[in-house]
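Taken in order, these protein sequences are the chains called A and B.
So the first sequence is numbered by this note's numbering: it starts at 1 and just counts up by one.
So the second sequence is numbered by this note's numbering: it starts at 1001 and just counts up by one.
Everything labelled a hint here was simulated from the structure, so no lab data went into it.
Please note that the accuracy of each hint is not assured.
Unchecked claim - Subject to a maximum C-alpha distance of 25 Å in a straight line, what follows is the list of computed SDA-like cross-link-like pairs (lysine to any residue):
| id | chain 1 | residue 1 | chain 2 | residue 2 |
| --- | --- | --- | --- | --- |
| 1 | A | K137 | B | K1414 |
| 2 | A | K107 | B | R1528 |
| 3 | A | K37 | B | M1402 |
| 4 | B | K1116 | B | Q1373 |
| 5 | B | K1456 | B | G1491 |
What the hints assert, rightly or not - Each pair of labels, with its calculated beta carbon distance range:
| id | chain 1 | residue 1 | chain 2 | residue 2 | range |
| --- | --- | --- | --- | --- | --- |
| 6 | A | D24 | B | E1548 | 17 to 25 Å |
| 7 | B | E1423 | A | T118 | 50 to 58 Å |
| 8 | A | D24 | B | G1129 | 32 to 40 Å |
| 9 | A | R160 | B | R1510 | 28 to 36 Å |
| 10 | B | Q1430 | A | V106 | 29 to 37 Å |
| 11 | B | T1434 | A | V106 | 34 to 42 Å |
| 12 | B | E1548 | A | D51 | 21 to 29 Å |
| 13 | A | D51 | B | Q1114 | 41 to 49 Å |
| 14 | B | L1525 | A | R160 | 29 to 37 Å |
Claimed, not checked - Footprint (simulated), chain A over chain B, 3 or more residues, beta carbon under 8 Å:
| id | stretch |
| --- | --- |
| 15 | 1074-1080 |
| 16 | 1394-1405 |
Where a beta carbon is used, it is the ideal one built from N, C-alpha and C, also for glycine.
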Amino acid sequence: MRRVVLLLLLLAGAQLQGSELDKDLAEFKRDVLEVNKRLLLLEEELLFPADTQVGIYVSLDVGHFFQPDSITLEMDGEVLASHLYTEKEIRALKNGAVQRLALANVKNGTHSLTAFITGIGPQGREIRRGVNGEFDKAHGRHFVQLHIEDDTVKQQPRFRFSDWR
Amino acid sequence: MRVFVAVLVLLVGSTGWARLDEPHQVQELAYGEVAYLYLQGDYFAALTRAQMALERNEVQVHRADLEVLLGAMYSAYGMPEDAQRVFNALLDSQVSGEVAQRAWIHLAGLYYRQQKYREALDTLNNRVGEPPAELEEVVLSLRARLLMRLGRYEDAAELLDTFSENHPLNAYLRYNLAISWINGEHPSLGQEWLWQLANLPPASAETNAIKDKAILALAIYMLRSDQEERAIRLLRDARLGGPFADVSLLLYARALLIENQPAKALPVLQKLDNHSIQRSTVQEAQLAIPYLYERMGNQQAALEAFDTALDRFAGLQDYLLEVEAQIASGQWFEDMVGEPTWSTAMDPVPPFLPRRVKSFPTFYEWFATTEFQHGWNNYHELLRQRNLLSQWQQKLPGMQAMLDAHERKHEEVKPRARALLRELANQDFQGRMTRLQRRYDKAVAEQDPMPFASEKEQRLWQAHQEAEARTRQWGDQARPDMTAKLDFYQGLLLWDMQEDIVPRQWDRERELNTIADLLEETGALRSRVLYAANRVDRLDYYRQALPELAGELAQLQQRGDRLMRRQQYTLQAAAYEQVTQTRERLKRFSAAAHEGKADIYHRAVRSQRDRQKKDRQAP
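Whenever a hint applies, use it, and build me the whole structure from the sequences.
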């Protein structure tokens, strides 16, 4: 008997909830997003203060001649990040999105970057390339972008670092 | 259902971000990063990143684009009110025609999700106009679906003719339209379209599922319109590995029975009988098997089959009672959900499937409904949120420790920074620079060569001055040729210095400029040191914010738990309804089985009586 009552209560409650629950869920998501944003901002400021922060980004433009499999990034001779690409990530990059590969703290001054990239090139050939770059860290947040571009003349991919400051 | 979900994902995914199969135009990293997360379906992470970018003012060029993306993500993430707010604000402001058009397309999509079909179509017709090439398919598919929802099948068909044949949406839309036609005014046209869909080459799981559904719909139509033979041929080739395999088998057996081929239908039903009794098709097969034996004249086997059916129905009834009890106690839900694993809390909800617990086949069809999927996804989304919140709670002590470290470092650096600032003030670099500049300006104005003389020239000039002074001391005793010589050398030296005075002035000017630049850099560094030395406001803010955030996290955890329970109860209630329906069906089937058995006995008794009657009448 107790079970039946419980089930009836369950049914009645569920019918009442429906869209009200959806509304409450949306409100909850809004609040979680807000708190998550605040915490992430705080964490980033504590871990990577603007004065020492450098962000390394990767873009693929357009990707007819190259599809990345993996990237290993070194800064001043130390491995900073390694990444293996999923299909979804490659699709996103091909559609013009930009990946944040690494966030690090560095002192002001000149720093060297090296990226080792593997992937599939024209005619399905495996490609392994290394690309070097330098940047001068100054006051404030600093961003460096690794461009993987199509060289239509050579029908080959081209890799280069560029500075956003 | 999966098809429907896939279609929605496709629709949302493609409208939010125009395809950029060309050198891309992202001019701000933050915008590109949001797109990176969005295009992978990580709406939560993308929304958070977008909000961070807006708060930190990281996006200027793509601000309107980012807001369109934000609205699209709110819409896809089940936050329609937020989406509406973003789009309304965007459309009320001064944005480019292209941005406004994309916002209107999203708004129409949002109305569609909210089942405001008329409003959605009006928006497409009156606001969107001619869509850009990359969004043409998306708008077309949305319009076609709206027209179908509004019952305007002719218009939808016309629209579909312009739709790319290979697009995955095409098959889905054509199936819906064919069903509408087959049940409405154009059954033959509907049959033709279903035939085309049934003969699609094998492709993705979604396309194959549509193929299976088309075959089933076509077979039902054929059976209804006296085309049994064609239906049998069609069903004979139906896929046995797909989600509709058991329905195909049952339908095939029915078609064979209609065609009076019970011997062929029996193995088909026996094959179906190997599946779980919890499936409605298998339950139906339990009744069909004895009926087949009867048709084949094997009354004994028919009776046994009815008994088997009754036993299995009774066994299932008992089991469903157990399931009901498990639902009520929450055990059923717990077993089905299992323990999800996460890589990071910012990951999207993984594609959780109900676990293959014993009761799975009872809910098989319900699991595929929009209603279940909606609730199921919500539950897991809440699970993720809870996971995220507890991860933050675990991180808070670490953040506090980091904050303390920052403060300690700040306290250490502050006296050194202040000492440095004092030293800089004592050096008076700026004042010295100003004085140097004045001297330079004066020398240039007076065309005085001495400030620009080299060391050697200065020594020579000095030596000349001394020689002249001594010569003057000698008075009349000085040799006239000596005085003339000295005048000559002085003139020569001056002439040398005047000859390239302009390049000399330039050199000095360059040096002064270099010093000015260095002073500017020093000024910038000084202001940073000054800021660092007096920076207490940010640390103060953090010190205040952390406990606040801890409180909010705890509150959100509680709210999340309550919402999870509500969502769980909603799903449990729906599951209970499913069980009730199954039990009602079993009661009906059991009654039918008893009836069938009674008929057999009745027929047997009657025939026995007839035989006895004949025997008595016999001479």
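Original post:
Given as covered by chain A, does the stretch 1074-1080 of chain B meet the bar of three residues or more with CB within less than 8 Å?
Top reply: holds (count 4)
**OP:** Could you see if the CB distance from R160 (chain A) to R1510 (chain B) stays within 28 to 36 Å?
**Re:** 34 Å, holds
**OP:** Evaluate the given range 21 to 29 Å for the C-beta pair formed by E1548 (chain B) and D51 (chain A).
**Re:** 26 Å, holds
Original post:
Between D51 (chain A) and Q1114 (chain B), does the C-beta distance stay in 41 to 49 Å?
Top reply: 47 Å, holds
Original post:
Okay, T1434 (chain B) versus V106 (chain A) on CB: inside 34 to 42 Å?
Top reply: Distance hint for T1434 (chain B), V106 (chain A) holds at roughly 36 Å.
Subject >> R160 (chain A) and L1525 (chain B) - C-beta distance against the hinted 29 to 37 Å >> reply: 31 Å, holds
**OP:** Assess, step by step, whether the Cα of K37 (chain A) is no farther than 25 Å from the Cα of M1402 (chain B), and give holds or violated.
**Re:** 18 Å, holds
Original post:
Between D24 (chain A) and G1129 (chain B), does the beta-carbon spacing fit 32 to 40 Å?
Top reply: Because 38 Å falls inside the window, the suggested range holds.
**OP:** Closer than 8 Å, Cβ to Cβ, for at least three residues: run that test on the stretch 1394-1405 of chain B against chain A and report holds or violated.
**Re:** holds (count 4)
**OP:** Assess, step by step, whether the Cα of K137 (chain A) is no farther than 25 Å from the Cα of K1414 (chain B), and give holds or violated.
**Re:** 23 Å, holds
Original post:
K1456 (chain B) and G1491 (chain B): Cα distance at most 25 Å?
Top reply: 16 Å, holds
Original post:
Does the Cβ distance between D24 (chain A) and E1548 (chain B) fall inside 17 to 25 Å?
Top reply: Hint holds: Cβ distance 23 Å, inside 17 to 25 Å.
Consistency note: the structure conflicts with none of the earlier hints.
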